[in-house]
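Residue numbers (our numbering), protein chains in the order written: chain A, 1 to 442; chain B, 443 to 703; chain C, 704 to 1060.
The set of hints was computed from the structure by calculation and includes no laboratory data.
No experiment lies behind these values; they were computed from the predicted model shown.
The beta carbon of each residue, even a glycine, is placed where N, CA and C say it ideally should be.
Fair warning: there could be bad hints in the mix.
Claimed, not checked - Cut-off 25 angstroms, straight-line C-alpha distance, at most; resulting in silico cross-link-like pairs (SDA-like, lysine to any residue):
1) C/K1010 - B/V610
2) A/K54 - A/E236
3) B/K625 - A/A428
4) C/K1002 - C/Q812
5) C/K1002 - B/V610
6) C/K1010 - B/E601
7) A/K319 - A/D41
8) C/K1010 - B/S639
9) A/K319 - B/I617
10) A/K311 - B/E601
11) C/K1002 - B/G539
12) C/K1010 - B/Q547
13) A/K144 - A/T10
14) A/K144 - A/D41
15) B/K512 - C/A873
16) A/K4 - A/S19
17) A/K364 - C/Y765
18) C/K1024 - B/T674
19) A/K364 - C/Q812
20) C/K1010 - C/E966
21) A/K144 - A/L21
22) A/K274 - A/I284
To be verified - Quick look at which bits of chain B chain C covers, simulated, 3 or more residues with Cβ under 8 angstroms:
23) 518-531
24) 553-564
Spelled out from the first residue to the last, the chains are:
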Amino acid sequence: MNPKSYLAYTLGYQLFGKSFLSWQRHSDERKLRAIRPAPDDPLNPPLVGTARMKELMSRHYLEGRYANGVRKVAWVTSGAPIEVLRALDFFLIYPENHAALCGARRHAEGLAVEAENAGYSRDICSYARTDIGAALSGRTPMGKLPRPDLLVCCTNICQTVLYWYRVLAAHFGVPLYVVDTPFLYEKVADHQLDYVLEQIEGLIPVAEKVAGRRVSRGRLQEIMEQGKDCAELWLEIMDRAQHRPSPITAFDGFINMGPIVDLRGEPETFAFYKELLREIDRRIEQGVGAIRDERKRVLWDNLPVWYKIGKLSRHLGAKGVNVIVSTYTYAWGELAPMMDASDPMRSAARVYLHPILNRSTGDKLRSMREMVARFQLDGAILHSDRSCKPYSLGQIDQRDNLANDLGVPAVLLEADHNDPRVYSDEQADARLDAFVETMEAA
Amino acid sequence: MGEAKWIGIDAGSTTCKAVAVDAAGDLIASRIEPAHPVIEDQAARLVDELRAEAGAGGEVPVVATGYGRKLVRGATRNITEITCHARGVFRALKQPGMLVDIGGQDTKVIVIGPGGRAVDFMMNDKCAAGTGRFLEHSAARLSVAIEDLGPRALGAVGEESISSTCTVFAESEIISLVARGAKVDAILLGLHRSLISRVVAMIHSVGLRSPLMLSGGVARNLAARAMLEQATGQKLHLPEHPQLMGAYGAALVGLESGADR
Amino acid sequence: MLTIPTRAEVVRQVRERGERVAAVLPIHYPRALLRAHGFQPMEVWGPPSVSVVEGNAHFQAYTCGIVRNATSFLLQGGLDAADVIVIPHTCDALQGMASVLKDFIEPRQPVATIYLPRAARSADRGFLQAELHRLAQQLAEISGRSPSGGELMAAIEREEEADRELGALAEHRSEIDLGDRDYFTLLRAREFLPAESFIELARSAPRGRGPDRGVPLMISGIVPEPMDLFDHINEMGAHVVADDLACCSRRLYRPGSASDPFERMADALLGGPLDPTRGSPILERARAVASRMAQCGAKGLLVYDVKFCEPELFDVPLLRKHLTEAGLSMLHVEFDMTGSIAQQTLTRIEAFVEMLQ
Ligand code: SF4
Ligand code: SF4
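Please put together the full structure from these sequences, using the hints given.
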């Protein structure tokens, strides 16, 4: 630990930063409570709990600013087995989440351009471009990202992250540990589980060496349990959308998912989601839906279009369409039942093999069909995300199956999760309007 | 003014250009016309015209460049636009550096080394974003004459941002902006910004160098020029005949090859 | 001139021997395992110039041409001669294709996949061996043929021999008296010829002084389609002295030494040349490319990529930077897997050649 960094950390983050952010949350909460939507606004007042989400995420990135020299830093993919790292007190940066925040705050394009200027093609994932641009330029709306001491990349979401982390490894000159997760075309097989288990175990000595200390198995188990609690709670929140009218939208899920990705298992994350659930339950008691007039209930597949969340929710809300669930936000909870703290390593191997992006296209369709039934959905929007091949390939057949076999109107919406330059409001609106008309006719 | 020694033809997709040079390499006669579908005939006619105007009666050899370069009959050589632009601009401005050529179909960023050779280059991919066509197309949508594009954009009060760089998407964006009552000039400014951002990306991926030089049809557009200067922080150097640099370079390559008649 | 049998002729010979055909997608897979189970691999790299209507009915326009064309080709009956379709897990695009074939298109032929680890640690070796055993079992179920350890070993040694011949062709390009197009047609015959025929063919290649005209280039990318590319390059005044193509030199596997056939196959696949789809570190790869260029006197590297091929695209900037620092030039172009090369792409290559002259 570097004494100067430690001092900055204590003053900037522990003393001043935290209290400032908590003051800011109170003021945000007051503002949110005071919102009285205009009479023609299709949305009901927003969730006040979102203010705490903002506080948690800002605090996380604020700590990141001061982390180098105080805590070891690892940059990890969203599906990486972080329990080992947390047990060693690594500070974690999730470049995908960082890119998403940039996207939602309309900074992604400028950063992507930095990467494009360096020669990274516009055809590579816009998360990767956003983050590579941030790494190359040192710019980020979050102030400053700490340099990694270790990179951990898990291929259970895509191979893209492998290519991307190789670029980061070359840029930062730090070790890259790959957890390779065979894609599950079919049911998981023993040799696949053994392989992932061996790699998660192999991460321990690598991370210990960087951290300069040994991991305690007891702590590991505790972290597993906390992770499971958080995931279960998140799933419970998502499942509240079964109520009619649904108290939440998938867009609420997108906005509030930061902590379950970046800070999963942290006690404060648990407290935040507990509070959010209470607020949602109050809505249910009062019979208040997320939108004023819920006539159609719809599924969202794939990543959000970060820079159009507000626009899309209003556009659809005005037509009485509530997008209530998404396969994407669901992915952070649906595996909770697989987590078994009594056998932490093996159950981790199982969990990290099973994210929706690592399961077959047929299995993804099954998940969507189950959601249609459980949430009583009237239609599905499949965001065909130019940037995310693993999520999008297969959607043409999935859509056909939903529409033709199941009789659920479904539309493919061409867009990109982080690059506004390939999005056309006019075309998207026209397509969505036609989709709403088919639902109304159905 | 000497007599014509070599002729360069730049058969582009939107315009066809022809240049004659004398033994000293000075530009002594030129033509520029919209491209005809039958490039062979047009090129042959232009060559005849230049020979008649500046030749000494005999044959004057021809070097062809541009997208239709292989169709120019009787050319002794054909060479790519990249090499020719580098050569032409180097001679016209007498300095190495970085040349940006924004043409109708292609945009090129060329690093010109000492001696006028291209030492590195970048060209837009197939889509029209970042080329003159992007502006032309959109201008047509707004019923603005090409010559007026730049001045009107420069005179705009406010700017409508055009998020799509794709020509087709941009078109629908324009339509809806107009429908919402946006000012045409402000839209034009946004369109220029979008074009220039694409060009700047190409400049950076080669690595910005100075002096920065500009050629091609879009060089006549004042707004594009001002925005490019602003975005790169560089003063732009323009040759006297920005649109003729490809044809001029072609003629120079012929002259330097020494294979006189 | 060499006479290379056509794919149709090879299919006929294979049938006459009472064997089967496996259609195989790029890039890395255990050839010997297929052969020992009675399957002759016939690789599918596109192909270019098929109508892509059927492929577009299943995959979005931003999917790479190999996947869209191969799907079209399959649905047009182009793979009817195949008894199994083998799809290695090369990238997200082929992952999607395999999954959509298995779950939605359900072709007549069974679809077999193989997952290739992206590192070469002991866990990766162990897993790949297990994965090869699983594939062996699946192949045995289809063909009804379970090779003995000896048969498997014999097949492995034959493939190793063929790889050695391929390596010799790649290493001594300047001594092979064939024009670029013929030379690469010869290398690419490995994509569908049985190892023993390829060995014979390779040995019969005319030696002497290879073509030595114009600017020496090295070519990189997945696959050089359409093959007219080489004619164009020659016309422009350049020639190709070495390659880093996924379909050619990136598959020069070193012969193994393990006595267990599965271990030996796994070692070969994991120890092959550097390749972004296998997760090779970028700088290591860039250094290898630069030193190969120096070795064979190439002045420029032409990176000829399939549009939307992410694994290749991520390496481009650092590769370019490294080569520039080493005083070498690089040009990156993309193509669409159609039957012809865009005029604009050719202009870029030509300008690159002019620049190096
Ligand atoms: S958006 Fe898709 S391709 Fe990009 S990192 Fe995430 S999973 Fe991978
Ligand atoms: S060309 Fe690239 S993206 Fe396409 S199948 Fe091959 S490796 Fe995958």
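Hint-by-hint comparison with the structure:
1. C/K1010 - B/V610: Satisfied, since the Cα-Cα distance of roughly 20 angstroms is no more than 25 angstroms.
2. A/K54 - A/E236: holds (21 angstroms)
3. B/K625 - A/A428: Holds - the C-alpha atoms of A/A428 and B/K625 are around 24 angstroms apart, at most 25 angstroms.
4. C/K1002 - C/Q812: Given that 25 angstroms is the threshold and the Cα spacing comes to 46 angstroms, the pair is violated.
5. C/K1002 - B/V610: With a Cα-Cα distance of about 40 angstroms, the restraint between C/K1002 and B/V610 is violated, given a limit of 25 angstroms.
6. C/K1010 - B/E601: violated (34 angstroms)
7. A/K319 - A/D41: Holds - the C-alpha atoms of A/D41 and A/K319 are around 11 angstroms apart, at most 25 angstroms.
8. C/K1010 - B/S639: The given pair, whose Cα atoms are some 23 angstroms apart, holds under the 25 angstroms limit.
9. A/K319 - B/I617: Satisfied, since the Cα-Cα distance of roughly 23 angstroms is no more than 25 angstroms.
10. A/K311 - B/E601: Status holds; Cα separation ~21 angstroms.
11. C/K1002 - B/G539: holds (23 angstroms)
12. C/K1010 - B/Q547: Holds, at about 20 angstroms.
13. A/K144 - A/T10: Cα-Cα ~17 angstroms, so holds.
14. A/K144 - A/D41: Given that 25 angstroms is the threshold and the Cα spacing comes to 37 angstroms, the pair is violated.
15. B/K512 - C/A873: violated (34 angstroms)
16. A/K4 - A/S19: It holds: about 21 angstroms lies between the C-alpha atoms, which stays within 25 angstroms.
17. A/K364 - C/Y765: holds (20 angstroms)
18. C/K1024 - B/T674: holds (22 angstroms)
19. A/K364 - C/Q812: Satisfied, since the Cα-Cα distance of roughly 23 angstroms is no more than 25 angstroms.
20. C/K1010 - C/E966: Judged against 25 angstroms, a Cα distance of about 35 angstroms means the pair is violated.
21. A/K144 - A/L21: holds (17 angstroms)
22. A/K274 - A/I284: Between A/K274 and A/I284 the Cα gap is close to 15 angstroms, so the pair holds against 25 angstroms.
23. 518-531: It holds: at least three residues are needed, and the stretch 518-531 of chain B offers 5 whose Cβ sits within less than 8 angstroms of chain C.
24. 553-564: Holds: 5 residues of the stretch 553-564 of chain B have a Cβ under 8 angstroms from chain C.
Hint violations for this structure: numbers 4, 5, 6, 14, 15 and 20, all remaining hints satisfied.
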